[in-house]
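The chain contents come next:
There are 2 protein chains.
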Amino acid sequence: MIHNIALAGCGNVGTALLEILREKRTELSEKYGFNFRVTLITDLMKGTVLDPEGLDLEKIVGSLKEGKGLASFPKGQGTFGELLEKSRATMLAEATPTDLKTGEPGLSHIRAALSRGIHVTTTNKGPVSVAFDELSTLAKSCGAKFRYEGVVMSGTPLLQMLRSGMAGCTVLKLEGILNGTTNFILTKMSDEGSSYAEALEEATSLGYAESDPSGDVQGWDAAGKVSILAKIIFGKDIPVSEVERQGITCVTPEKIKEAFDSGYAVKLIAGLNWVNGMLYAYVTPKEIPFSHPLASIKGATNAVSITSDNLGEVTLIGPGAGRRETGQALLVDLIAMCRD
Amino acid sequence: MIHNIALAGCGNVGTALLEILREKRTELSEKYGFNFRVTLITDLMKGTVLDPEGLDLEKIVGSLKEGKGLASFPKGQGTFGELLEKSRATMLAEATPTDLKTGEPGLSHIRAALSRGIHVTTTNKGPVSVAFDELSTLAKSCGAKFRYEGVVMSGTPLLQMLRSGMAGCTVLKLEGILNGTTNFILTKMSDEGSSYAEALEEATSLGYAESDPSGDVQGWDAAGKVSILAKIIFGKDIPVSEVERQGITCVTPEKIKEAFDSGYAVKLIAGLNWVNGMLYAYVTPKEIPFSHPLASIKGATNAVSITSDNLGEVTLIGPGAGRRETGQALLVDLIAMCRD
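Sequence lines, in order, name chains B and D.
Going by the numbering used here, the first sequence opens with residue 1, and the numbers climb by one from there.
Going by the numbering used here, the second sequence opens with residue 1, and the numbers climb by one from there.
In isolation and in its complexed conformation, chain B is listed as follows (with noise of 0.2 Å):
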C-alpha cells in the first residue's frame, strides 16, 4: 500500500520531514513497510503544489534549499478540502505556524483533513490547545487517527512513552524542564555567573528567545505544555490561565550560587501533581539537588521525570526543539499510522 502524503505548511519543521523522507525512502519501506509519496504541499508563503501522482521530492528538496520555494513545480488550487481530494491525500503532515487563540489556519486544515478519514499528525499546539477533543471525536468517528508528537519536546518521544512504552502505569506526577529558552539562561547564569540581564540578552542574540522574551521568561509557554500535557494524559482541562506560574524574572545569581553551594540547581519546572484526587498544575523555579537528573539539563534540551504506580521515576531527556527533531516527530507519526 502507497501512503499519500499532504504536507500543510512548508517552513523548517516541514522542509525537514521531506528532506527526512527524501533521504530515508528506502530504509523506510524495508524497516516499516511505509511507502510514501508526497502528493500535496501548501504553503502560506510558498504557495501550493499538488500531483496525485507524486511530486518530485528529489527536486523540491533541491529547489527548497536552494531557497527557490515551489514555484516551478505542478500548482494546486481550490480549498484545503479541495486540494486534499485531489491530492488524493491518506495522510495529513500539519506544520503551519501556531496561534493559540484561534487554533488557525491548523485547525481548519486538521478539520478537512479527519472530516474525510485522512489520518492527522501535526506539530502546532494550536489546535491541540484549543479543539483537542473536538478533533479526537471528529477522528474517532470518521476513523482517522490524529497524532501530534511534536507539540511536546519536539521529536523526543514522550508522548509515546507515556501512550505505549508506559501501557498499565497510573501517572502519579510529571515534572520537567519544558522550556529550552529558560533553561538556558538559567544554565548560563549558573556556569558562567552571568546576571539574568546578560543571560537573557544572550539568548535573544542567538536566536533562543523572541524579541518581546515575556513568553518564555514568564512561564507562559511551559505552563502552555503542561495544559496540554494534562489534557493529553489526563484527560482533565486546566486552561492556561488556571496554571500556577512562575516565571524566572525573581531568580538572581546570588540565589543560583547559593543553591549551588548546597548542591542544588535552579530549574524553571513544570509539573502535573495529583493532590487529594485533583490535578494540580504549575511552573516554577525550584531547587533540584544534583542527584536527580533534572539538575544536570543543561541550554536547550529539554526533560520530563514521570512518576508512576509500576515504574517509580522514569526520566526522558531530549531535545524540545529543532527544525530535524521537529521533523522526526512527523515521521514518527506517519509511521504509526501506517503500522496501525
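The reader is advised that the hints may include incorrect statements.
Treat identical chains as interchangeable: a pair holds within one or across any two.
[Unchecked claim] Once the Cα atoms are required to be at most 25 Å apart in a straight line, the calculated SDA-like pairs of lysine to any residue come out as:
1. K231 <-> G117
2. K86 <-> E254
3. K140 <-> I232
4. K46 <-> R22
5. K298 <-> S190
6. K31 <-> G235
7. K257 <-> P289
8. K173 <-> E30
9. K298 <-> G117
10. K46 <-> E254
11. K298 <-> S262
12. K173 <-> E27
13. K24 <-> L279
14. K24 <-> W274
15. K231 <-> S164
16. K24 <-> V171
17. K24 <-> N273
18. K59 <-> R25
19. K173 <-> R25
20. K31 <-> E313
21. K255 <-> S164
22. K86 <-> K286
23. K145 <-> I335
24. K173 <-> N276
25. K145 <-> D43
26. K257 <-> F290
27. K24 <-> M278
28. K31 <-> D309
29. K24 <-> E313
To be clear, the hints were calculated from the coordinates, so they are not data collected in a lab.
Remember, it's a predicted structure, so these values are computed and weren't measured experimentally.
Let chain B serve as the given structure and place chain D on it in line with the hints.
Then chain D, alone, in the frame of chain B:
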C-alpha cells in the same frame, strides 16, 4: 475478544504480573480494550494450575501473598505444549529463571508457544541471548508476536522507545549504565568515600550483589546486555566474549575523588558504537562530566543515552530491576500484542 494468558514462572516477577492484572482489570479493559483470563500458571516450585475458563485471580494472588502457593487450585498435567493447548492460551508471559548457557526452561516454553501461534512476552535473558534469530523467525512463520521489553532495564521502556518512539531514526551510538549493582557500589564509594570492599559488602548484604559478585563487578552482566542490544537494535551478533570488557574492581576511592574534583563521576558504562562501519561493543569504567545526565544516576537505577541522526542525544532513565517494575514489562508487551 478475550485473551487467555499463560504464565510460566511464578516467582517474584510472575507474581507481580498477576497482582497488577488483578488490580487493573477494569482499567485495562476500558483504556486498552485488553480483556483477559489467566488460564495457566506453571512454576517449577509451586506446581501447575490450569482452567481454560479462567483461574480465580483474586484467590490465587491472595494465596501467593500468604505464601500458600498454588496447591488449592485446579491442577494441570502434561508437557508444556499440552498445557498450552488445554489452557487455550493465546498469550504466554515467560518469567522463568535465566540460564544464559542453555536458555532453558524458557527456550522450550517459548518454542512451544510460538509454534502454536501463541504470542510470547518474556523477561528472560536466556532464550533471547541464545536463540534470538530462531525465535524471531519462528514467530514470523507462525503469525505470533515475540516481545521482550523486560530483558533490559526491566519495565523502563527502552526497547519500545527504540522500536516505536524513535522509529525513523538511525541509531549512531548508545551508552548507558545497565548494571545496578556496580552503580550502587560506585555511588557509595563516591558519596560516602567507602572502599570498594566496603561498598561491595553493603551491596551484598542488601541483596543487590550475589555471593559471587564477579558477574556484576567484572562487567559480565552489562556485557550480556550490550550483546543482546546489539542483536535487537542492529541485528548484529556480538557474543559476550567479544565485548571489550573491564569491570570496576580496579576503581579506587582515590580515582573517584580525583575525577570528582575535576567535575566527573566514574560510572561503569556499557556501550555500542559504530566505528568505521563496524559495531563496537564495550563495558568500561568511564569519567562522565557532571553536565551529562549519566553522571547523576544514583544507586541501582539504569540509564541509556542514544545518539541518532534525527534527534541527537536522547536519554532514558529508570529502574533496572524490581518485581513490579519487571512485571510491568510483561504487561506492556501483553497490551501491545492485544493492540496490534
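Given a CA cutoff of 25 Å, do K231 and S164 count as a within-copy pair, a between-copy pair, both, or neither? Answer is both; intra-copy 17 Å and inter-copy 22 Å each pass.
Indicate which option fits the pair K24, L279 if close means a Cα-Cα distance not exceeding 25 Å: within, between, both or neither. between (42 Å within a copy, 21 Å between copies)
When no copy is specified for K173 and N276, does a C-alpha distance of 25 Å or less occur within a copy, between copies, both, or neither? within (13 Å within a copy, 43 Å between copies)
Classify it for me, K173 with R25: is the Cα-Cα distance of at most 25 Å met within a copy, between copies, both or neither? Close across copies (22 Å), not inside one copy (39 Å); limit 25 Å.
When Cα atoms must be at most 25 Å apart, do K298 and G117 count as within-copy, between-copy, both, or neither? neither (42 Å within a copy, 48 Å between copies)
With 25 Å as the alpha-carbon cut-off, assign the pair K24 and V171 to within, between, both or neither. Classified as between; 13 Å across copies, 35 Å inside a copy.
25 Å Cα threshold - placement of S190 relative to K298: both (10 Å within a copy, 23 Å between copies)
Pop the pair K31 and D309 into one bin, within, between, both or neither, using alpha-carbon distances up to 25 Å. between (34 Å within a copy, 16 Å between copies)
Checking an output row: K257 and P289, CA cutoff 25 Å. Within, between, both or neither? both (13 Å within a copy, 20 Å between copies)
Measure nothing new, just compare the shortest in-copy and cross-copy C-alpha distances for K24 and M278 to 25 Å and report within, between, both or neither. between (45 Å within a copy, 21 Å between copies)
At 25 Å max between alpha carbons, let me know whether K231 reaches G117 within a copy, between copies, both or neither. within (23 Å within a copy, 39 Å between copies)
At 25 Å max between alpha carbons, let me know whether K86 reaches K286 within a copy, between copies, both or neither. Neither way: K86 and K286 sit 52 Å apart in one copy and 57 Å across, limit 25 Å.
Of the hints listed earlier, those the structure fails to meet are numbers 2, 9, 10, 21, 22, in rising order.
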